[in-house]
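With chain B fixed as given, assemble chain S onto it according to the hints.
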Amino acid sequence: MATISQSSRRLRADANAEIVPTPRAQSVIELIGNTPLLEITRLTEGLLRPGVRIFAKLEGFNPGGSVKDRPARKMIEIGLARGELRPGKVILDSTSGNTGIALAMVGAALGYPVELVMAANVSRERKKVIEAFGAKPIYSDPLEGSDGAIRLCRKLIEADPGRYFKPDQYNNEANPLAHFETTGPEIWRQTGGAVTHFVAGIGTSGTVMGAGRFLKSRNPGVKVIAVEPDDPMHGLEGLKHMASSIVPGIYREAELDDKIPVSTEDAYEMVYALGQFEGLLVGQSSGAAMVAALKIARSLREGAVVTVFCDFGDKYLSTNLWIGWQEWRREHLQRLIRKWNVSASATT
Amino acid sequence: MPIKVRVPTPLRRFTAGVDEVVADGDSIKRVLEDLERRHPGIRERLLDDSGELRRFVNVYLNGEDIRFLNQLESKVKDGDDISIVPAIAGGR
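Going down the list, the protein sequences come from chains B and S.
Take the first sequence: its position 137, counting from 1, is numbered 137 in my numbering, and each next residue is one higher.
Take the second sequence: its position 22, counting from 1, is numbered 22 in my numbering, and each next residue is one higher.
With the rest of the complex left out, here is chain B (with noise of 0.2 Å):
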């Protein structure tokens, strides 16, 4: 008989007690953060022991859209606190979308100008929403990826360093503060302390190392366990293949228990079995990190998988992410009819 875990039922009673909306505010930058948790059921059943969940942190909620709105606003506050950032001059940085959007909004909720670089291939959505916030995307050279925006990023600053603050969320300590601030406590707190497993996609590492950094100072039990591409060419946007890229300053690969590689392909087929099961519309990046959650969890007697999904998936609607999707779809189908024994025109 199927039993209900200690750290199950610790889980349930305060999971549904934590979440507490916030009444009014006065910026969006207020809004930033207490976003919910959502455990995965249906995609997951069957595939686990009965004392294993996996949970889900939507970040899509964040009010720029994505988990980048935290350590914007952290490397921002902190930015303005030293004296680094003052009027007359201009928020510079290089990023890949997330961060830029959450910039952007942030900049404009604040009365700062940003400009943003980035590889020519983002999407067509993200240089739109930067747009949409009165920030100025400059492009760099699509073949050189993210390094590339990066090396033109310090060009220049080189060239007019006065005129910029550079958050530089790849080696600012407020990127994982911010997260070692809000991302960690919060899971702490949604999951009553039950949380065996932290696992987060790499990016800059900020989400991992802050709140796994956390999490650690709670339960020194708790394992965190990074995701990153199988391969340094990828398609899982938002995520960085460490060995291959300019490792991220604020990156301390020591504090990790474990790293995941995950193929594309997997992560893209997990983005479209979240909203077939699930009905949530995530970004590749969360279906990356749900590959690796199910997983660890599939190893697991017992425990509570913790995960991150940074993003929903609109703004990629116009991405490879959907190439091959109604081949997928068809395919799935049909194993789905032959599992529940149902003749194929009784479907159409």
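Incorrect hints may appear among the rest.
Stretch-level coverage of chain S by chain B, calculated; a stretch enters the list once three of its residues show a Cβ under 8 Å from a Cβ in chain B [said to hold, decoys possible]: (1) 6–16; (2) 47–56.
Which chain B residues face chain S? A few, computed with CB under 7 Å, are given here [to be verified]: (3) N121; (4) P142; (5) G145; (6) P232; (7) M233; (8) G235; (9) T264; (10) N320; (11) I323; (12) G324.
Distance windows between CB atoms, simulated [to be verified]: (13) S:R67 with B:R189: 44 to 50 Å; (14) S:D65 with B:E302: 44 to 50 Å; (15) B:K136 with S:D65: 25 to 31 Å; (16) B:Q326 with S:E64: 19 to 25 Å; (17) S:L69 with B:P87: 47 to 53 Å; (18) S:L69 with B:A108: 36 to 42 Å; (19) S:T15 with B:Q334: 36 to 42 Å; (20) B:P220 with S:F68: 52 to 58 Å; (21) B:L80 with S:F68: 42 to 48 Å; (22) S:V22 with B:R301: 52 to 58 Å; (23) B:N219 with S:N70: 55 to 61 Å.
In short, the hints are calculated from the structure, not lab data.
The beta-carbon is built from N, C-alpha and C at its ideal position, and this holds for glycine as well.
Frame of chain B; chain S shown alone:
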């Protein structure tokens, strides 16, 4: 009939770090086959098991996405310019 092929950073480990190489062929498919002969290992990064272009790989022929041309069968002639571009930029 050498065709110029621009190679993105993540694939330069197959081209000794070079960002632009040459390959022969009268279609994208043939050019990619020749590219594999010259730089072994590059093919499986571009094509899946059934020989189709992997979803996250974009190939541009003179600036046009081959998915909007004749896919891998798109004809290539002397002096054409091919770029291989991953669908994403990496980093957040």
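Results of checking the hints against the structure:
no.: 1; hint: 6–16; in the structure: holds (count 7)
no.: 2; hint: 47–56; in the structure: holds (count 4)
no.: 3; hint: N121; in the structure: holds (6 Å)
no.: 4; hint: P142; in the structure: holds (5 Å)
no.: 5; hint: G145; in the structure: holds (5 Å)
no.: 6; hint: P232; in the structure: holds (4 Å)
no.: 7; hint: M233; in the structure: holds (4 Å)
no.: 8; hint: G235; in the structure: holds (2 Å)
no.: 9; hint: T264; in the structure: holds (5 Å)
no.: 10; hint: N320; in the structure: holds (4 Å)
no.: 11; hint: I323; in the structure: holds (5 Å)
no.: 12; hint: G324; in the structure: holds (5 Å)
no.: 13; hint: S:R67 with B:R189: 44 to 50 Å; in the structure: holds (46 Å)
no.: 14; hint: S:D65 with B:E302: 44 to 50 Å; in the structure: holds (49 Å)
no.: 15; hint: B:K136 with S:D65: 25 to 31 Å; in the structure: holds (26 Å)
no.: 16; hint: B:Q326 with S:E64: 19 to 25 Å; in the structure: holds (23 Å)
no.: 17; hint: S:L69 with B:P87: 47 to 53 Å; in the structure: holds (51 Å)
no.: 18; hint: S:L69 with B:A108: 36 to 42 Å; in the structure: holds (40 Å)
no.: 19; hint: S:T15 with B:Q334: 36 to 42 Å; in the structure: holds (40 Å)
no.: 20; hint: B:P220 with S:F68: 52 to 58 Å; in the structure: holds (54 Å)
no.: 21; hint: B:L80 with S:F68: 42 to 48 Å; in the structure: holds (46 Å)
no.: 22; hint: S:V22 with B:R301: 52 to 58 Å; in the structure: holds (56 Å)
no.: 23; hint: B:N219 with S:N70: 55 to 61 Å; in the structure: holds (57 Å)
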